[in-house]
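K.L.:
Could you put together the complete structure from these sequences and hints?
Number of protein chains: 2
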Amino acid sequence: MLVEAPILGLRALFFDVFGTLVDWRSSVAREAERILKPLGYNLDWAAFADAWRAEYQPGMEEVRAGRIPFSKLDVLHRRNLERFAPRFGLSLSSDVLHELTLAWHRLDAWPEVPAALARLKTKYLIAPVSNGNISLMVDLARRNGLPWDAILGAEVAGDYKPKPRVYTAACEAFDLAPAQCMMVAAHSSDLAAAAACGLRAGHIARPDEHGPGTGERAPKVAVDVAGRDLADLADKLGC
Amino acid sequence: MLVEAPILGLRALFFDVFGTLVDWRSSVAREAERILKPLGYNLDWAAFADAWRAEYQPGMEEVRAGRIPFSKLDVLHRRNLERFAPRFGLSLSSDVLHELTLAWHRLDAWPEVPAALARLKTKYLIAPVSNGNISLMVDLARRNGLPWDAILGAEVAGDYKPKPRVYTAACEAFDLAPAQCMMVAAHSSDLAAAAACGLRAGHIARPDEHGPGTGERAPKVAVDVAGRDLADLADKLGC
Numbered sequence: 001m002l003v004e005a006p007i008l009g010l011r012a013l014f015f016d017v018f019g020t021l022v023d024w025r026s027s028v029a030r031e032a033e034r035i036l037k038p039l040g041y042n043l044d045w046a047a048f049a050d051a052w053r054a055e056y057q058p059g060m061e062e063v064r065a066g067r068i069p070f071s072k073l074d075v076l077h078r079r080n081l082e083r084f085a086p087r088f089g090l091s092l093s094s095d096v097l098h099e100l101t102l103a104w105h106r107l108d109a110w111p112e113v114p115a116a117l118a119r120l121k122t123k124y125l126i127a128p129v130s131n132g133n134i135s136l137m138v139d140l141a142r143r144n145g146l147p148w149d150a151i152l153g154a155e156v157a158g159d160y161k162p163k164p165r166v167y168t169a170a171c172e173a174f175d176l177a178p179a180q181c182m183m184v185a186a187h188s189s190d191l192a193a194a195a196a197c198g199l200r201a202g203h204i205a206r207p208d209e210h211g212p213g214t215g216e217r218a219p220k221v222a223v224d225v226a227g228r229d230l231a232d233l234a235d236k237l238g239c
Numbered sequence: 001m002l003v004e005a006p007i008l009g010l011r012a013l014f015f016d017v018f019g020t021l022v023d024w025r026s027s028v029a030r031e032a033e034r035i036l037k038p039l040g041y042n043l044d045w046a047a048f049a050d051a052w053r054a055e056y057q058p059g060m061e062e063v064r065a066g067r068i069p070f071s072k073l074d075v076l077h078r079r080n081l082e083r084f085a086p087r088f089g090l091s092l093s094s095d096v097l098h099e100l101t102l103a104w105h106r107l108d109a110w111p112e113v114p115a116a117l118a119r120l121k122t123k124y125l126i127a128p129v130s131n132g133n134i135s136l137m138v139d140l141a142r143r144n145g146l147p148w149d150a151i152l153g154a155e156v157a158g159d160y161k162p163k164p165r166v167y168t169a170a171c172e173a174f175d176l177a178p179a180q181c182m183m184v185a186a187h188s189s190d191l192a193a194a195a196a197c198g199l200r201a202g203h204i205a206r207p208d209e210h211g212p213g214t215g216e217r218a219p220k221v222a223v224d225v226a227g228r229d230l231a232d233l234a235d236k237l238g239c
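Order-wise, the sequence lines are chains A and B.
The opening position of the first sequence corresponds to residue 1 in this note's numbering, with each subsequent residue numbered one higher.
The opening position of the second sequence corresponds to residue 1 in this note's numbering, with each subsequent residue numbered one higher.
Incorrect hints may appear among the rest.
Because identical chains share one entry, a pair is satisfied inside a single copy or across any pair of copies.
Lysine to any residue pairs mimicking SDA-like chemistry, simulated, CA-CA at most 25 Å apart [claimed, not checked]: (1) K121 x L102; (2) K72 x A179; (3) K72 x R11; (4) K163 x S71; (5) K123 x H98; (6) K72 x Q180; (7) K121 x D74; (8) K236 x P111; (9) K123 x E99; (10) K72 x E172; (11) K123 x R106; (12) K236 x G145; (13) K37 x A54; (14) K72 x G9; (15) K72 x I126; (16) K121 x R11; (17) K123 x L102; (18) K220 x E61.
To be clear, the hints were calculated from the coordinates, so they are not data collected in a lab.
P.N.:
Printed below as a string of structure tokens:
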């Protein structure tokens, strides 16, 4: 039996990635331990991941505000790492800093994500619209089996979310009007920015994103659909 | 038994698409007949496809020379169609012109391509580096089962091959040096331009691209590898 998509005219789904599709916190903590423990460091690895992530928005704000030219997220991650690493007593070679920066290319998807994306792809065009760069997205796709139609997002747009250009560039790449596209994210701020550009909004709960009980259990803004996870969202979109 | 890749350090393969991976001539002829015959037109459909393709390089040259801003290939295909259609006695509505322009989204791959690409993907990152726009590439990938890691090429670079920026932007998107990347094409001019940027070159014979016996049977420039078709190239790259 064919189930009609409940949102008329919806053609493409754009996905936030960090937090929404992949568990950056556990993965970065694991990678940091793998790389740094053999060098004699013994840190609170989750705190290390949190400290790195805390530099994320300020780093991108340099680009959004036009103070530095667009630089891909790998470059910002490396710069941010060098900024906060001394607080953890780390003194690392350039090679180790590079290897550590690539931790963000080795993040694991939340368990239901690959199968749910494959279901959603049967009915919709699917692409990441993340602040992560293209090579990072490709590595995550290969690692986790994410069957993207294309890699869109910050590097293609030349700016960082929540700047409107990132959302509108994604719609234009697929030759679609904003109302034919839905941004899917676990972060209300991302959805609000997409909705301001005319896109639909789909929320996923990720209550443990920054550790148990820290993430959004429900959207804080009006959305078109909200799911307990991506499988639930796929159910609600008729896939 | 693992076969070592014969080209040291090669990490990514970039593909020309029109002619190299898909048979644009038969497909456009078929689509034109499907759309125009019911309107009472009876043309030499292959000649119609050839006439459209003849406008291809002059159309892109407007962008390459900086006379018009970058416009995606769909826009140029539409403009080119309106330019030569009167020569075939066609007087078409805007809707029909639009539908006809989308013929280029419905091209069929040469028969060995999908399976050969899947083999190549086990060892290399793979992406189209075509002058076709992102939505066109996505439609061809869905139609033919082309398992791209990412869609690169003209729209991402903001210019058209053979301008160097298109090749170097693709390498940069994958964080690779040009020597770690190979351009694969059935056209020596494309390979020469890529090689001038430091990329490796892989040639595929498509002797029937513009009709029987019209295409390149062998490269006219020095290349790193040449295949009878994409399956043969995959064999030669140890996949």
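K.L.:
Hints first: check each against the structure and report whether it holds.
P.N.:
Consistency of the hints with the structure:
{"no.": "1", "hint": "K121 x L102", "verdict": "between (28 Å within a copy, 21 Å between copies)"}
{"no.": "2", "hint": "K72 x A179", "verdict": "between (28 Å within a copy, 21 Å between copies)"}
{"no.": "3", "hint": "K72 x R11", "verdict": "between (28 Å within a copy, 20 Å between copies)"}
{"no.": "4", "hint": "K163 x S71", "verdict": "both (15 Å within a copy, 23 Å between copies)"}
{"no.": "5", "hint": "K123 x H98", "verdict": "between (39 Å within a copy, 23 Å between copies)"}
{"no.": "6", "hint": "K72 x Q180", "verdict": "between (28 Å within a copy, 20 Å between copies)"}
{"no.": "7", "hint": "K121 x D74", "verdict": "between (28 Å within a copy, 24 Å between copies)"}
{"no.": "8", "hint": "K236 x P111", "verdict": "within (19 Å within a copy, 38 Å between copies)"}
{"no.": "9", "hint": "K123 x E99", "verdict": "between (38 Å within a copy, 22 Å between copies)"}
{"no.": "10", "hint": "K72 x E172", "verdict": "both (21 Å within a copy, 10 Å between copies)"}
{"no.": "11", "hint": "K123 x R106", "verdict": "between (28 Å within a copy, 18 Å between copies)"}
{"no.": "12", "hint": "K236 x G145", "verdict": "within (22 Å within a copy, 27 Å between copies)"}
{"no.": "13", "hint": "K37 x A54", "verdict": "within (22 Å within a copy, 62 Å between copies)"}
{"no.": "14", "hint": "K72 x G9", "verdict": "between (33 Å within a copy, 24 Å between copies)"}
{"no.": "15", "hint": "K72 x I126", "verdict": "both (22 Å within a copy, 21 Å between copies)"}
{"no.": "16", "hint": "K121 x R11", "verdict": "within (10 Å within a copy, 28 Å between copies)"}
{"no.": "17", "hint": "K123 x L102", "verdict": "between (33 Å within a copy, 20 Å between copies)"}
{"no.": "18", "hint": "K220 x E61", "verdict": "within (23 Å within a copy, 49 Å between copies)"}
Every hint, counting from the list given before, is met by this structure.
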